[in-house]
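On the provided structure of chain H, position chain W as indicated by the hints.
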Amino acid sequence: MGELSKLHVMFNQLKLHIREGIIVKWYLFLTVMLVSFSLSMVYIFIGNSAIERYSDTQQLTFLNVVAYIFRGMQEYNPAEGKEFIIEDNYLIWNVMLAIIVGMYPLRNLKKMGKISLLQVKNRLWWWLSICLWSVVTVFLYYVMVYIGAFVAVFLMTFIMENVNVFSSGFDIFLLKRVFGITYDTVPVIFWIKIFVLPICASLAISGMQVALSFLAGEAVGYISVIAVCIISAFSMKPIWIGNCMMAKRYIEINPNGIGMAIPIIICLAVWIVSVSAGYIYFNNKDIL
Amino acid sequence: MYIDLKNVTKKLKGSVVLDDINLHFEGGKVYGLKGKNGSGKTMLMRAICGLIKTKGTIDINGKILGKDMSFPESIGALIENPAFIASYTGKKNLSVLASIQKKIGEEQICEAIRDVGLEPDDKRTYRKYSLGMKQRLGIAAAIMENPDIIILDEPINALDESGALQVREILKKHKERGAIIILACHDTEELEYLSDEIINIYEGKITSKVS
Numbered sequence: 152m153g154e155l156s157k158l159h160v161m162f163n164q165l166k167l168h169i170r171e172g173i174i175v176k177w178y179l180f181l182t183v184m185l186v187s188f189s190l191s192m193v194y195i196f197i198g199n200s201a202i203e204r205y206s207d208t209q210q211l212t213f214l215n216v217v218a219y220i221f222r223g224m225q226e227y228n229p230a231e232g233k234e235f236i237i238e239d240n241y242l243i244w245n246v247m248l249a250i251i252v253g254m255y256p257l258r259n260l261k262k263m264g265k266i267s268l269l270q271v272k273n274r275l276w277w278w279l280s281i282c283l284w285s286v287v288t289v290f291l292y293y294v295m296v297y298i299g300a301f302v303a304v305f306l307m308t309f310i311m312e313n314v315n316v317f318s319s320g321f322d323i324f325l326l327k328r329v330f331g332i333t334y335d336t337v338p339v340i341f342w343i344k345i346f347v348l349p350i351c352a353s354l355a356i357s358g359m360q361v362a363l364s365f366l367a368g369e370a371v372g373y374i375s376v377i378a379v380c381i382i383s384a385f386s387m388k389p390i391w392i393g394n395c396m397m398a399k400r401y402i403e404i405n406p407n408g409i410g411m412a413i414p415i416i417i418c419l420a421v422w423i424v425s426v427s428a429g430y431i432y433f434n435n436k437d438i439l
Numbered sequence: 017m018y019i020d021l022k023n024v025t026k027k028l029k030g031s032v033v034l035d036d037i038n039l040h041f042e043g044g045k046v047y048g049l050k051g052k053n054g055s056g057k058t059m060l061m062r063a064i065c066g067l068i069k070t071k072g073t074i075d076i077n078g079k080i081l082g083k084d085m086s087f088p089e090s091i092g093a094l095i096e097n098p099a100f101i102a103s104y105t106g107k108k109n110l111s112v113l114a115s116i117q118k119k120i121g122e123e124q125i126c127e128a129i130r131d132v133g134l135e136p137d138d139k140r141t142y143r144k145y146s147l148g149m150k151q152r153l154g155i156a157a158a159i160m161e162n163p164d165i166i167i168l169d170e171p172i173n174a175l176d177e178s179g180a181l182q183v184r185e186i187l188k189k190h191k192e193r194g195a196i197i198i199l200a201c202h203d204t205e206e207l208e209y210l211s212d213e214i215i216n217i218y219e220g221k222i223t224s225k226v227s
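Protein chains in written order, with this note's numbering: chain H, 152 to 439; chain W, 17 to 227.
These aren't lab readings, by the way, just hints derived from the structure by calculation.
Keep in mind it's a predicted model, so treat the numbers as computed, not measured.
Any given hint might turn out to be false.
[Claimed, not checked] Label-pair restraints from in silico Cβ distances:
(1) W:R140 - H:S386: 48 to 56 Å
(2) W:E96 - H:I382: 38 to 46 Å
(3) W:Q124 - H:A370: 35 to 43 Å
(4) H:S200 - W:E96: 55 to 63 Å
(5) W:E96 - H:I340: 52 to 60 Å
(6) W:Q124 - H:H159: 13 to 21 Å
(7) H:F196 - W:E135: 52 to 60 Å
[Said to hold, decoys possible] 27 Å max Cα-Cα, derived DSS-like pairs, lysine-lysine:
(8) H:K436 - W:K221
(9) H:K262 - W:K139
(10) W:K221 - H:K166
(11) W:K221 - W:K189
(12) W:K118 - W:K188
(13) W:K188 - H:K166
(14) W:K69 - H:K436
(15) H:K176 - W:K144
(16) H:K261 - W:K27
(17) H:K262 - W:K52
(18) H:K157 - W:K119
(19) H:K265 - W:K71
(20) W:K150 - H:K166
In this text, a Cβ means the ideal position worked out from N, Cα and C, and glycines have one as well.
Here chain H stands alone, though its shape is the one from the complex (with noise of 0.2 Å):
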C-alpha cells in the first residue's frame, strides 16, 4: 500500500473518531453553547444595568461578550499578600473541555478503536487521526462557545435597547469595567488576541492531555490540565499557557503581560512535543 493511501486511511480513521467522539456526543457540545448562552447572559444584564446607570453612549456588543468570557484573572502577585483564588470564569471554560477531550481516546482504544486499528493497519495513522480529533474537537468547542455568546446577544437586541448584535464595535465604558482600564481605546491586536490565544492554548493543553492520557492513564490527563491551569493562573510567565485563555493578562491590559507571537511559539512546541511523544509511547504499547 502506498504511503498516499494510507494517508486516505487516516482520514478516514479521522471521520470515525468525529462520528464517535464528536457527532454521537453532540449532547457535551450542546451543554457547552448553553453555558456559553447562561453566561453571556448574566453578563448582558450586568452590562445593561451598568449602561442604563452610567452611561448613555455606547452598546453592549458581540465582542464585549466575548472579551467578557475570556476576561480570566488579574495578575497574581505573592508579595501583595492576597489569598490565591482561582476565578471559576477561567477554570470552566478548561474543565469543561479537559472533559470533552479526556473521555473519549484511551476509552475509544480499549473498545471499537481496537477493531478500527486493525483496519488502519498502521500505528501512527491511527495515532495522528487521534490527535486531529482533538484538533477539531478543540475548533467546535469554541464555535460551540461563541454560537452561545451570539445567541444571546442576539436575542437580547430585541428586547434591550442597550444590546447590538450588529454592531461590529464594542462598548469601551464596559471594556474599562471588565479590564480596569483608564485608556479610550484597545488596539485591534487585543481582540486578535482573544480569538486567536485561546484555541492555541487550548490545541496545547488537550494535545498534551491526550498523550499523558495514553502514557499514565486518563486521570493524569485530567490532573495535568488542571495543573498547568493553576500554575498559570499562579505565574504570568508566558511557558504558563493558561495564560494565553486570560485576556487580563495580555500586553495590552497588563504591561507586564504576555505578547501574541511567543505564547503561539510556546503552544505550537508544546502540541509538537505532546504529539511525537505520545507517538513513541504509542508505537510501542500493549494494546490489551
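Same frame as chain H, but now just chain W:
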C-alpha cells in the same frame, strides 16, 4: 498463506504470559486454542494481531510482524467482548468500520450480517441488542472483508444453539476459501468439533498439539 511463530515470548508486569511459543499455522485450517483462564490464549491472539509487542518473530507470509508491518495485512478479529457505537444499528456500525479501508461495499456487509444470523435491515440500535446479537455482530465485523486470518476469541459465548450452528457454517465457509482460523473456546466439545488442530496452552507454554 501461513503464520510462523518462533520463540515468541511476552512478559507483562514481571510475569511471563507467553513462554517461547513456536507454532505454525497453515491456510485452510481451523486451529483451536485450549487452556484454562489466564493460560495465554487471548494473549497469543493479541500477539498475532500485532496488538502487543513480543520477543521472537511472527512471520506472516514472509513478512515479519512489528518489523515489515505493524499489523497483519488481512486480518479480522473478535477479541473479548465486542464494542460498537451504541446509537447506531448493526449495519451502520459495520459500514463505518468498512469505510476505513473501503475494500467492501454494502452487499458484502449485508452478507456478513446475514451469515451470522442477523437481519441487515433491523432498525434496532446496538444498545438494544441482546448479548448474543452483540456477539454475532462482533463475528460479522471480523469476517466481513473475507480476511486471510480470522481470530475469534470465545465466538460462541452468549450464543444459543442456532448461533453455534451458524458459527460452524461460517468457519466452514472461510476455511474452504483458504483462511487461517484461530479460535479459543471454553466448550471443549465444541472446540474439538470445530478445529482441525487443537493447541493446548498452560501458563503461556504450548503443552501439546493434537490433529
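So, going through the hints one by one against the coordinates:
Look at R140 (chain W) against S386 (chain H): about 54 Å separates their beta carbons, and that is inside 48 to 56 Å. One distance hint, 38 to 46 Å for the beta-carbon pair E96 (chain W) and I382 (chain H), holds here, with the actual separation near 40 Å. A beta carbon spacing of about 41 Å between Q124 (chain W) and A370 (chain H) agrees with the range 35 to 43 Å that was offered as a hint. Restraint check, S200 (chain H) to E96 (chain W): a C-beta distance of roughly 59 Å satisfies the suggested window 55 to 63 Å.
Under the hint 52 to 60 Å, the C-beta atoms of E96 (chain W) and I340 (chain H), about 54 Å apart, fit the expected range. At about 20 Å, the beta-carbon gap between Q124 (chain W) and H159 (chain H) stays in the expected band of 13 to 21 Å. Distance hint for F196 (chain H) and E135 (chain W): a CB-CB separation of about 55 Å, consistent with the stated range 52 to 60 Å. Taking the CA atoms of K436 (chain H) and K221 (chain W), the gap is about 23 Å. The hint holds against a cut of 27 Å.
Of the supplied pair hints, the one linking K262 (chain H) and K139 (chain W) holds, its CA atoms being roughly 22 Å apart against a limit of 27 Å. Of the supplied pair hints, the one linking K221 (chain W) and K166 (chain H) is violated, its CA atoms being roughly 41 Å apart against a limit of 27 Å. Among the hinted pairs, K221 (chain W) with K189 (chain W) is inconsistent with the structure: their alpha-carbon atoms are about 31 Å apart, more than 27 Å. Of the pairs offered as hints, the one joining K118 (chain W) and K188 (chain W) holds, with about 26 Å between alpha carbons and a cut-off of 27 Å not exceeded.
Between K188 (chain W) and K166 (chain H) the alpha-carbon distance is near 35 Å, which puts this suggested pair outside the 27 Å criterion. Taking the CA atoms of K69 (chain W) and K436 (chain H), the gap is about 7 Å. The hint holds against a cut of 27 Å. Simply put, K176 (chain H) and K144 (chain W) have alpha-carbon atoms about 18 Å apart, close enough for the 27 Å limit, and the pair holds. Distance hint between K261 (chain H) and K27 (chain W) is fulfilled; the C-alpha atoms sit about 20 Å from each other, no more than 27 Å.
Our distance criterion of 27 Å between C-alpha atoms is met by K262 (chain H) and K52 (chain W), whose separation comes to about 24 Å. Pair hint K157 (chain H) plus K119 (chain W) holds up; C-alpha atoms about 13 Å apart against a cutoff of 27 Å. With a C-alpha separation of about 22 Å, the suggested pair K265 (chain H) and K71 (chain W) falls inside the 27 Å cut-off, and the hint holds. Distance check on the hinted pair: K150 (chain W) and K166 (chain H) sit about 23 Å apart at the alpha-carbon level, within 27 Å; holds.
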